[in-house]
Amino acid sequence: MILFFGTRPGKKETKVLNHVSCSHCGQIGTLTAVAQPNYAHLFWIPLFTINNIRYAECSHCKKVYYKEEFTPEMERALSQ
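Here the sequence shown stands for residues 1 to 80, numbered as in full-length UniProt numbering.
Honestly, I wouldn't trust all of these hints.
[As the list claims (entries may be wrong)] Okay, derived cross-link-like pairs now, PhoX-like style, lysine-lysine, Cα gap no bigger than 25 Å in a straight line: (1) Lys12 - Lys63; (2) Lys12 - Lys67; (3) Lys15 - Lys62; (4) Lys62 - Lys12; (5) Lys67 - Lys11; (6) Lys15 - Lys63; (7) Lys15 - Lys67.
[Stated by the list, open to error] Ranges of calculated distance between the beta carbons of each label pair, as one might list FRET restraints: (8) Glu75 - Gly6: 29 to 37 Å; (9) Arg8 - Thr32: 20 to 28 Å; (10) Ile50 - Gly26: 30 to 38 Å; (11) Gly26 - Pro46: 35 to 43 Å; (12) Leu42 - Glu68: 28 to 36 Å.
These are computed hints drawn from the structure, not numbers from a lab. Even glycine gets a Cβ: it sits at the ideal position worked out from N, Cα and C.
Hey, can you work out the whole structure from these sequences and the hints?
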(Lines of atoms letter the chains of each structure in order from A; the text may use other names.)
(Lines give C-alpha, C1' and ligand atoms only; values in the text may rest on other atoms or scores of the structure.)
Protein backbone atom coordinates (compact mmCIF):
# COMPACT_ATOMS: atom_id res chain seq x y z
CA MET A 1 0.00 0.00 0.00
CA ILE A 2 1.31 3.44 -0.92
CA LEU A 3 0.80 6.38 1.47
CA PHE A 4 0.99 9.94 0.25
CA PHE A 5 2.08 12.03 3.24
CA GLY A 6 3.60 15.51 3.25
CA THR A 7 3.15 19.17 4.03
CA ARG A 8 1.36 21.89 2.15
CA PRO A 9 0.76 25.62 2.73
CA GLY A 10 -2.78 26.73 3.52
CA LYS A 11 -4.73 29.78 2.40
CA LYS A 12 -3.05 33.16 2.93
CA GLU A 13 -5.00 35.65 5.02
CA THR A 14 -4.07 39.31 4.59
CA LYS A 15 -5.03 42.36 6.63
CA VAL A 16 -4.11 46.00 6.00
CA LEU A 17 -2.83 47.62 9.20
CA ASN A 18 -4.42 51.07 9.04
CA HIS A 19 -3.08 53.79 11.34
CA VAL A 20 0.18 51.84 11.91
CA SER A 21 3.45 53.41 10.82
CA CYS A 22 6.39 51.56 9.31
CA SER A 23 9.36 51.88 11.68
CA HIS A 24 11.76 51.80 8.70
CA CYS A 25 10.36 54.53 6.41
CA GLY A 26 7.77 56.21 8.68
CA GLN A 27 4.82 55.89 6.25
CA ILE A 28 1.40 55.37 7.86
CA GLY A 29 -1.12 52.80 6.56
CA THR A 30 1.26 50.99 4.21
CA LEU A 31 1.70 47.77 6.24
CA THR A 32 -0.06 44.56 5.24
CA ALA A 33 -0.02 41.59 7.61
CA VAL A 34 -0.03 38.06 6.20
CA ALA A 35 -0.79 34.81 8.03
CA GLN A 36 -0.36 31.43 6.31
CA PRO A 37 -0.69 28.04 8.02
CA ASN A 38 1.26 24.94 6.95
CA TYR A 39 -0.59 21.62 7.16
CA ALA A 40 0.45 18.00 7.36
CA HIS A 41 -1.62 15.99 4.92
CA LEU A 42 -2.38 12.37 4.12
CA PHE A 43 -3.61 11.70 0.58
CA TRP A 44 -3.83 15.52 0.12
CA ILE A 45 -6.34 15.85 2.98
CA PRO A 46 -5.11 18.31 5.65
CA LEU A 47 -4.82 16.60 9.03
CA PHE A 48 -3.39 19.22 11.38
CA THR A 49 -1.57 22.55 11.41
CA ILE A 50 2.22 22.29 11.74
CA ASN A 51 2.95 26.01 12.09
CA ASN A 52 1.56 29.41 11.20
CA ILE A 53 3.82 31.88 9.37
CA ARG A 54 3.10 35.54 10.14
CA TYR A 55 4.78 38.60 8.70
CA ALA A 56 4.01 42.20 7.70
CA GLU A 57 5.30 44.03 4.62
CA CYS A 58 5.43 47.75 3.93
CA SER A 59 4.16 48.53 0.44
CA HIS A 60 6.23 51.73 0.34
CA CYS A 61 9.77 50.58 1.25
CA LYS A 62 9.19 46.78 0.89
CA LYS A 63 10.60 46.11 4.39
CA VAL A 64 9.39 42.77 5.79
CA TYR A 65 8.76 42.36 9.53
CA TYR A 66 8.59 38.80 10.83
CA LYS A 67 6.51 37.86 13.87
CA GLU A 68 9.48 38.32 16.22
CA GLU A 69 9.99 41.90 14.91
CA PHE A 70 6.37 43.11 15.33
CA THR A 71 6.08 46.33 17.31
CA PRO A 72 3.42 46.64 20.04
CA GLU A 73 1.53 48.95 17.64
CA MET A 74 1.40 46.16 15.01
CA GLU A 75 0.27 43.59 17.58
CA ARG A 76 -2.57 45.90 18.76
CA ALA A 77 -3.74 46.46 15.18
CA LEU A 78 -3.77 42.70 14.49
CA SER A 79 -5.81 41.91 17.59
CA GLN A 80 -8.61 44.35 16.63
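Cross-check of the supplied hints:
no. : hint                      : result
1   : Lys12 - Lys63             : holds, 19 Å
2   : Lys12 - Lys67             : holds, 15 Å
3   : Lys15 - Lys62             : holds, 16 Å
4   : Lys62 - Lys12             : holds, 18 Å
5   : Lys67 - Lys11             : holds, 18 Å
6   : Lys15 - Lys63             : holds, 16 Å
7   : Lys15 - Lys67             : holds, 14 Å
8   : Glu75 - Gly6: 29 to 37 Å  : holds, 32 Å
9   : Arg8 - Thr32: 20 to 28 Å  : holds, 23 Å
10  : Ile50 - Gly26: 30 to 38 Å : holds, 36 Å
11  : Gly26 - Pro46: 35 to 43 Å : holds, 40 Å
12  : Leu42 - Glu68: 28 to 36 Å : holds, 31 Å
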